[in-house]
Each structure stands twice: as structure tokens, then as C-alpha cells.
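**Q** What follows is each chain in one-letter form.
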Amino acid sequence: MTSSKTNIERIPWWRHLGFPLLTKELTEQANRRRTYVVRFLYAAVLFALGVLAIASDASGQVQIGAGQEIFHNLVHLQFWLVLIFLPATASGALTVEKERDTLSLLLITTIPAWSIVVQKYLSRLLPMLSFLLLGFPLLAVAYSYGGVATSELLGAIGLLMLFAAQVAAVSICASAWFRTTGEAFIATYVILAIMAMFRLWPMSHVGRLAGISNLTPIAALQYAVVIGVVIASLLSMAWGCLERRAFLPPRNVLLQMFRRLDKFYEEINQVTGGIVLVNDGNELPDERPIAWRETSKKSLGTVRYLFRVLTVLEVPILFVAAATNMSMVHNTSSVSTLLFILWVISAAMLCVHASGVIASERSHQTLDPLLTTPLTGADILKQKMAGVRRLIFVLSVPFASIYGFQTWFRGFDIGYVLGSVASAFIFLWLTAWVALWIGLRLSSPMKAVLTSMIAVVLVCAVPLVLESLLGRSSTLIEFWVPQIVGSLSPVNIIQGIESRGRLLNDSHELAFFLQLGMLPLYGLSLILVRGTCLKNADTLLQRLAEDPEASINPRTDEEPANADDRIAAPEPLAAASV
Amino acid sequence: MSFVQIEGLTVSYGKVLAVRGISFEIPKGEVFGFIGPNGAGKSTTIKVLATLLNPDSGRVRIDGIDVPKHPMAIRRRIGYMPDFFGVYEDLSASEYLHFYAAAFQIPRSQRENTIGDVLALTDLTEKAKEPVDSLSRGMKQRLALARVLLHDPDLLLLDEPASGLDPRARIEVRELLKALQGMGKTILISSHILHELAQLCTRIGIIEAGQMVTAGSLEEIYDSLGLLQVVHTQILNLSDDILSKLRATPGVASVETQVDRVSIQMRAGELTAEDLLDKIHSHGARIRMFQPEAMDMETAFMKLTEGKTA
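First to last, the sequence lines map onto chains A and B. With positions in the first sequence counted from 1, the corresponding number in this note's numbering is that position plus 435. With positions in the second sequence counted from 1, the corresponding number in this note's numbering is that position plus 393.
These aren't lab readings, by the way, just hints derived from the structure by calculation. No false leads were slipped in.
30 Å max Cα-Cα, derived DSSO-like pairs, lysine-lysine: (1) A:733 - B:520; (2) B:522 - A:698; (3) A:817 - B:522; (4) B:462 - A:970; (5) A:970 - A:732; (6) B:462 - A:817.
Let's have the full structure, built from the sequences with the hints guiding it.
**A** In C-alpha cells:
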């Protein structure tokens, strides 16, 4: 033992620079089809938006000096793409090894911990840098239009690379600390948000890109050194905790959080003498066992937890409404802001809950036994949605409060009332069913949650981006096309309904009806998605569906039907046989 | 007519052909052992029977009912236990069984009695109120068996029920399966623990690379392979005369004297252990120990398979 350890210690540090782990990681990535799909998607998004930006800004004729705005848009776009793509790939670098129990195998090799961290870091950073290279031709086009200084171009490229290096370092640090990829992924964004607050990231310079060209070489170097120190510190932290946190037992973070919350509430409840407002109902299932579990055992389904959620959401609304009523706040826009915050929270909660109902059963390997019960696929899905239905019911209360207060403050308007109630009903249910459908198609709950959230963001953002890009080119496209495209975004629809009571003139009236007209489209989508899920429930759940062309009698033709077929009523296990 | 009939079953996952036209039958009340290396197609075949996978081709019937055409009717007749026990960490053992009793549409008035019965049968009555995730792995396996018995199915599909269990838990599960066999259940069980299957199964099927290598009773398989059964015996008045008479006994392949025993190798098709015992007596030998070895399934398995996967 001692001699082998001594041998390992004698290996000089430079011998570890062969980076076998990096070679293996890059080879693995090259062998995966996903790598090429992601690269294609990245390039497709980048070039599609880039070409649109160039086409709309140039307006069909070369305008000298128009390059700066295009350049800024493209750099912004690259920053956002790094922010979206890199944590998704890098936060799993070490957690995947933990989840597969392969980190221990890595740690017993002669590769030191610092080298594992560095190799994992580079294995995620290098592909991202190659992604960034894809955007350089577009930057060159923008540069050729003029208006961009060479130093500005070089500065932006440097910032982009520095930013990618920093995001990768944050992801690796989170990956070394946390047990699961999901936890590491969320932690990456939390850390990045904190860094953004303290302006400890290059993205804060993007807003004033023009200023980059004015940076002296020394100031630029100083800034690069600061970010470099941040990156080195993050990697050192990852190195420090890699071995200590290599063998963490798996745990359900959400469940632990709720249990701690329970304990806290119980302690507080001692003050009131242990009053129980709502009892969590049935102890045992009736005829709908899945619905029973979803509403009495799952944390986001029980009345107790939902009541707490309702309290957290409702109190600020009541507070702001009271302040508005007492003229402490002079307009109703603060209530509207609350409405948008409520929409974001509601969408996130629905994505988490609805996408996980089936995906979590798959990941816990509890779905197969459930699928061999005589419950129909549609029934399983409907029962699974029982908890989501409760959540939507609870979320409807703060929505109703906001709409009620707005009607009170602005006066009764049937258009506003109908539009707001319909938008809440349609968008909440549509989010839930789309998330469920995504959860049915993906095996990992984390992937299902993220995909659902990305889907919601895309549905909201894509029409807005297109509206913005198309709107700049009035000569190429008729003026009403961008407006119609923009009206497709739920953000515009909700905003349109919300501004209904305040801005009543002809153009806003037209926009309001245009946006309201899009609601039936989403209503139809809801019916389609729900119908598809229920109709193809068995196939989506991955089990055999009843053959519609099969005879009613399940017995074959060769064998006559048995009169005492037990299909209708299963007999209980006879006590005598025990 | 056999209770389970599989003819020319073919199943693929994308381009990978997992099961390649296998056929076998299981008569009612038999325990069928499904043996094969990892990736041979055992779990895939069981999943087809459990209505979880659609076969590409072939006929699959349980109790005369076509499985792909009438999956709902099949689900009432089978109890499926996968190779991994997924935990509902928010339920107790009793709640877990109540959950499945309701899913199997057992009338509410009968549930308490039925659950009491299956808990007693699996020796889990005292653990009824314990959370499922706090149970040991052996207890979880027994709880899974309790679950599959709730609706009193005719056919039990057990995928590696003893995998990962310690020796005590394995013996408990084996005894439980013997009790179920005594209750007349038809059981299809896949396992890697060959000698345990030999003690339990009335028929076995050996599958490799998605193809059935052989199927039948143990004796039929040993006969077809020309395998020998070994009997260890201690004879107090051992002499050359007794040894030569033993060697001349029809069905005995060889007799080997060791320090403390005589090992007799016999051809199972020609001579049974009981007949051999009578013969030794008739040769005037006084026997202190007579111990037939369990049939050597490992030898049969190694002889029939080549370690290929689908």
C-alpha cells in the first residue's frame, strides 16, 4: 500500500498533462448523435436570427454604418446562446459520474483530482468555443457594413470567450458540489445570477459594447485578470470538494425542503395551540388510487401545501391592491406587474408538476407495475392530473383576485373580464397538458421540466422576436404582418387584455381584438393536445393498447367463450389458500 | 392446452433484434424457469407477456387469449414483478397494497381481508405501517410479491425476483414461491441463480441472443445432453466386491473412491437415485450416507450457451 502510494506521489505534475480523460470525453461526444444535433440547432438558430437581423437592418440596401446595431444584436445573441447551452452540457460533467457510480473508478486512477476537474472543464468548454466560432462569419458580415471598430470586434470576441470560460467554471463547480445534474443545473443559474448582481461577469459589458473600444489595453487586461481569478477560484473550489462530495447518498431535495417547511410550520403552529384548519382527507384510496396518491401524498397536491402556496401568492396581491385603493400607489400598473409575476410563477409550477407526474414514475421505475393494472391509459393520465387540477384551482384564486381588483379600480368591462378569465383558463391548462405530453415522451424528470419550460419560453418569445425583426423592415413586409405575428405571443395577448381598461383608443382597440382573436387558437391547441394525450395514452405510456378491430370476446375462435370468465370481477385471494 | 403459448415471437428495439422467433409453452400450474445471460431477451419476452411491449411478429397467448389484441383482459390474469422494485417513498406498505388493490378494482369491502391475507402469506403483517422505503431489499421483494397476488392472478411473471438479495432473503423468497406453486399458480420466473431454479422449476427454457436454445423438463434436458448425475455415499463395509458390483450396475457410468466417500456417476435417464439406493442395499452394503447432488444445471447452461447477446 505504502509503496504504491509513494509511487503515485512520485509522478511529476507535468506527466498528468496527457489529459486521457479529456481525450475520452471528446471522443465520446464525437460519437454521440446528440452532439451534431445540438451543433446544428445552435447554428440554425444563430444564422436564422443573424440573417433576419442583417436583412431587416440593411433594408435591402447597404447602409454605411448600419453594422454596429447588427453587430451588437449578434453579440447579444451569442451571449444568450452560451447562457442557455453551456450550463445544460457542463453542469452534468461530474454529477453524471456520481449518478452512474463511476466517479469512484475515476478517483482510484492515477489522475489527480485537480486534473479530473480541469479535464472535465475543458471537455465542456472546448466544444462551446467551437460553437462560438460558428458565429464569427456573421460578425465579419456586420463588421463589413461599417460602424464597428476593430478593437470593438476583438473585445467582443474576447468577452464572449471569457464569458464561456466563466459559465463553464460555474457549472463544473456546481457539478462537483451537488449530487444530481438537476441540482447542479439550477445552482449554476443561481450562482450566475449572484455574479450578475455583483457585475462579476463579462455580460455586464455587453450593454455598453461601444465602450469596449475605448478600453485601454491595460484596463482590458485588468478586467480579464479579475474574471480569470474568478474562474481559477471556481475550479479550485471544485477541486476541493470533488473527493469530499463524491459519495453523497441520493436524496429527494424537494421532499426534504417540504419536510423542513413542515417542521417550521409545526413549530410556528405551537403559538396558536396547534390549530388544524384543513385536514388532508382520505387515509386510504377509494376507486381512484392514482388521484388519491396525487392529492393526498404528493407535496404539490395536498391541501396543506397548496394552502401555503395560496397564502404566499395571495398576500402580496392583497397588500398591493390595498395600497392602490388607499392611493399610496397612483396607478394600477403595480397590480399588472404582479399579474405578470404570477404568470411566471404559475407557468414554472405547472411545468414542474405536470411534466414530472409520469417522468418521475419512469425514473423511479414504478410505472411498469402500474401499467399492468386494468386501469385504462386515459384513466391513468386523468388521475395523474388530479394534483395538477388542484394546483390550477389554487392558482386561479390569485388570478381572480387581480382581475377582481382591476375591475373594481377601472370599472366593469365585459371584454376585459371575459378575456382575462378565458386567458387564465386556456393558458394554465395548456401549459399543464403540454408539460404532461413532454413528460410522457421523456424518461428523465429533469429533462422533462427543462424542456417544458423551454417550450413555454419559445412560444412566448419567438413571435415577439419575429415581430421585432419583421417590424424593422417596413418596405419588405406589409405593416400588419408583424402585428399579427406578435399577437401570437401569449405575452402580447395577456398584455393586450391587461392594458384594455387603460388605453382605449382606436389602434389599441384593434390590437386588443387581434390579440383576443388569438385566444381561440390557443383554446383549440388545448383541445388538440389534451385529446392527443388521452387518445394515445396507452402508446405514450408505452404499453399495449386494446386492438379496436379485435373481437369483443377475448377468447380465441378455437376455444368457445367461457361462461364464468373472470374478466369482469376479479375474485379476492382465498384465505384458505393462505 | 398450455396456459402460456408463445410461437415465433420476434421483438426489436429499433434496429436491434432482441428476441428472434422464440417458441415455448407453459402448462397450467407449472413453474417455468427462464434462464439466459444478460441481454439474452428474457426481460423482453416477459414484458411482452406483461402487455408492456408490442411484438413485431409471432403469436402470444395466455389462457387462450391473444395478448396484443386483448391486453386489458390479460392484465386481470397476470401478476407482473419487474426486476427492480421502484419505491413510492410517500406510502406505507399497507397504503401501497391498498393503492394497487384499488387499481385492480378489488371491491372496497374485500380489500382489508385480501391485504391481510397477502401480508400474512409474505410474512409482512408486522411491517404494514412501515414506510416502503424503510424496508430491507428482501422485504421489498416480498412486498412486491404480495402486490402481484392481490387480484389472485393465474399467471405470475417474475423477472429476477431473487437478484441482489442476501442468502436469507433469497431462501425466504424461494420458500414463498414454493408456497405459490402449491397454490396452483402458473409461474414464469427468470433468474441467474441456476441451482435455485433447479430446486423450484418443473420446466426450464434456456435463451441466448434472443433465441431459445432448449426448453423442457430438467430430466429431458440432461438426457439430451448426456449429462451425468453424481451421488455421494459412505459405505461402512466397503470392499472390492461391492465396488465391482456397483461398477457393473446398469446405468452407472463410473465409481470413484475418495478418502471419506464413494462418488457414483450415473446416467439419469437409465437409473434413478432411489433405484441406485436399492441396488447398493442388494449388494450387501451398509450405508451411512447417501447424498444425490442436485442436477448440474450450471454444466447444462455452459454446454448449451456460448455467451452471445442479442
